[in-house]
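Keeping their order, the protein sequence lines are chains A and B.
Going by my numbering, the first residue of the first sequence is number 1, and it counts up by one from there.
Going by my numbering, the first residue of the second sequence is number 1, and it counts up by one from there.
Just so you know, the hints here were simulated from the structure itself, not pulled from any lab data.
Keep in mind that the hints are not guaranteed to be accurate.
[Said to hold, decoys possible] Stretches of chain B that chain A covers, calculated by requiring three or more beta carbons in the stretch to come under 8 Å of a beta carbon on chain A:
1. 4–11
2. 82–88
3. 109–123
4. 130–141
Where a beta carbon is used, it is the ideal one built from N, C-alpha and C, also for glycine.
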Amino acid sequence: MPARCHRPGEVTVLDTAAAEAVSAGLLVAVLACAVVRPWGWPEAVVAVPAAALVIATGAISPHRAWAQAQRLGPVIGFLAAVLVLAQLCDDEGLFRACGAWLARGCAGQPRRLLARVFVIASVITAVLSLDATVVLLTPVVFATAARVGVRTRPHVYACTHLANSASLLLPVSNLTNLLAFAASGLSFTRYAGLMALPWLAAIGTEYVAFRRFFRNDLNATAAPPPAAEPAEVPRVALVVLAGTLAGFAATSLAGINPAWAAAAGAAVLAAAALVRRETTPAAIYRAAGVPFLVFVVCLGLVVAAVTVNGLGGALGRVMPAGTSLPALLATAALAAAAANVINNLPAVLVLIPLAAASGPGAVLAVLLGANIGPNLTYAGSLATLLWRRVLREHDAEPGLGEFTRLGLLTVPAGLLLATTALWAALHVIGG
Amino acid sequence: MTVIIWIAEGTWPACVDAARRLVAADADIVLLHVSGGEDPAAAHGAYAGLLGRGRPERDPGRMMEAAAAASARELLDAAARRLARPARPAERRGSVKHEVVAAAEGADLLIVARDGDASRLGPKSLGKASRFVVDHAPCPVLLVWPGEPPGTATMPPPPGAKGGPPHHRGHRDHPPRPGQDHPPRPRKPGD
Chain A
1 MPARCHRPGE VTVLDTAAAE AVSAGLLVAV LACAVVRPWG WPEAVVAVPA
51 AALVIATGAI SPHRAWAQAQ RLGPVIGFLA AVLVLAQLCD DEGLFRACGA
101 WLARGCAGQP RRLLARVFVI ASVITAVLSL DATVVLLTPV VFATAARVGV
151 RTRPHVYACT HLANSASLLL PVSNLTNLLA FAASGLSFTR YAGLMALPWL
201 AAIGTEYVAF RRFFRNDLNA TAAPPPAAEP AEVPRVALVV LAGTLAGFAA
251 TSLAGINPAW AAAAGAAVLA AAALVRRETT PAAIYRAAGV PFLVFVVCLG
301 LVVAAVTVNG LGGALGRVMP AGTSLPALLA TAALAAAAAN VINNLPAVLV
351 LIPLAAASGP GAVLAVLLGA NIGPNLTYAG SLATLLWRRV LREHDAEPGL
401 GEFTRLGLLT VPAGLLLATT ALWAALHVIG G
Chain B
1 MTVIIWIAEG TWPACVDAAR RLVAADADIV LLHVSGGEDP AAAHGAYAGL
51 LGRGRPERDP GRMMEAAAAA SARELLDAAA RRLARPARPA ERRGSVKHEV
101 VAAAEGADLL IVARDGDASR LGPKSLGKAS RFVVDHAPCP VLLVWPGEPP
151 GTATMPPPPG AKGGPPHHRG HRDHPPRPGQ DHPPRPRKPG D
């Protein structure tokens, strides 16, 4: 198939095959740098020149690059607002309060604690994104489990698993969702409506698997001395979060980009914290993760170059068409496989434009695979896993066999049930 | 006489109580805790899986490493308080079951709690770690129930009426199967 359309007046330095080779090489360099982080460089150090090169060599036309940047701009704005919102909620004591709520009545009760961890981790991931669960919630859950005298492992592993598999519900739950949301043409509420059932199916699968897999640890109980924990309810943060969620629905109904609701929520919390001098503009800037946002845009440009010069056509041939249950299952499986090779971020950037041709149902199936799939390896992908094994940066690595067995228990079953739930939701609600 | 008490999260009070009841007052008691490090490592892995975030200072595993060390110290302190006798704390890092066996080298007694499914009396009441430690310990092992020991009435009757061998307590659910009894194996140095 023709790999790309040349516009009149467009300067082309390379032919399609050479452009594909250059773009693919640059993509490998960008991803390798992001996984390896040589000399502690920020990921953008390689991603920015790589993006500049794909434009300079004509591997992607300036027009197409601009269109891609325009598509990604609102996505990273949305992402920045959610990252800031999560950090400010942490400053307000939201995660400390989560720890106190988890601990209350759970002393020596590992099964009750696990159920609460599932509720909290699923809600935090859905509303404040997987970053909040991994970075902010996991240490709190670990400390809480240790304090109430139960074995910490099931609860910590639940956080790491749910950060992926419970990140289906809302567009804000995962960067992959934001990218797909922008391409799907769905409204925020419709997206959430279609993903609610798959989200519950994925969480339910994890819960059943965890209860079975960790049954010994969940049986080991010793009543520790009750630990008194002052639990101040972070009212401001909770009110702002509720307002932000209502804002998502309202903007969606009004046809406005819901990123504005996230930005408004972040702005209100930031203003409150700045007035009380509990944060600084520099801290808010850091929370937004600007180098990360730049990395995402540049990665998007390089992936677009690889896609238009041939990869898109090649993958288009293996991409299942339609939204029948077998097609959705195959789409989710393909996305899970792609996510496990390198990472779900490039996988989604590559697969979403192809899936969009089959409609929103196929786009959401890609997300099921890309978000649930990474639980097969404890580091999210084989590339990261292999590099960590090479590096041995930390003296203890989790039992690889154990984590893989847990992944094999949850991922295929979770994918099957969540995809079936999506298929049912598409039939009831309509894509 | 040196007695090692394996202090494992969740089950340790039973071991300490057994030592108070059964170990001579002049014994040299060591409270042993081993940090496997799986939880901080899982957090490191989860953070590494977030492509492009950089900022290693935000890696939750770092915070958890410090928290794990603090919680191990608190656990050993709590065990020492419950024991209410002179005892030496010992903290090790690495593969939990291997470190427990290594720490028992030269000891006269190792006190271990069952870490399996205590609701299913039988082989499964020994989990992987305590099974390994019982199999490989270089000294006598005192194996205790983490809670109240079950009464003898819970023991199933002998199978059939053919007068098979009386059941080992650990095998009360099933008759012993070939290969299940773990005959002694030659131990390599450092195993």
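A quick look at each hint next to the structure:
Judged by the Cβ-Cβ criterion of 8 Å, the stretch 4–11 of chain B is covered by chain A as claimed, because 4 of its residues qualify and three suffice. Only when three residues or more bring their CB closer than 8 Å to a CB of chain A does the claim for the stretch 82–88 of chain B stand; here the count is 0, and the claim is violated. Closer than 8 Å: that is the beta-carbon criterion, and the stretch 109–123 of chain B has 5 residues meeting it against chain A, so the requirement of 3 holds. Coverage of the stretch 130–141 of chain B by chain A is violated in this model, with 0 residues showing a Cβ closer than 8 Å to a Cβ of that chain against a need of three.
The structure fails hints 2, 4 (numbered hints given earlier, in ascending order).
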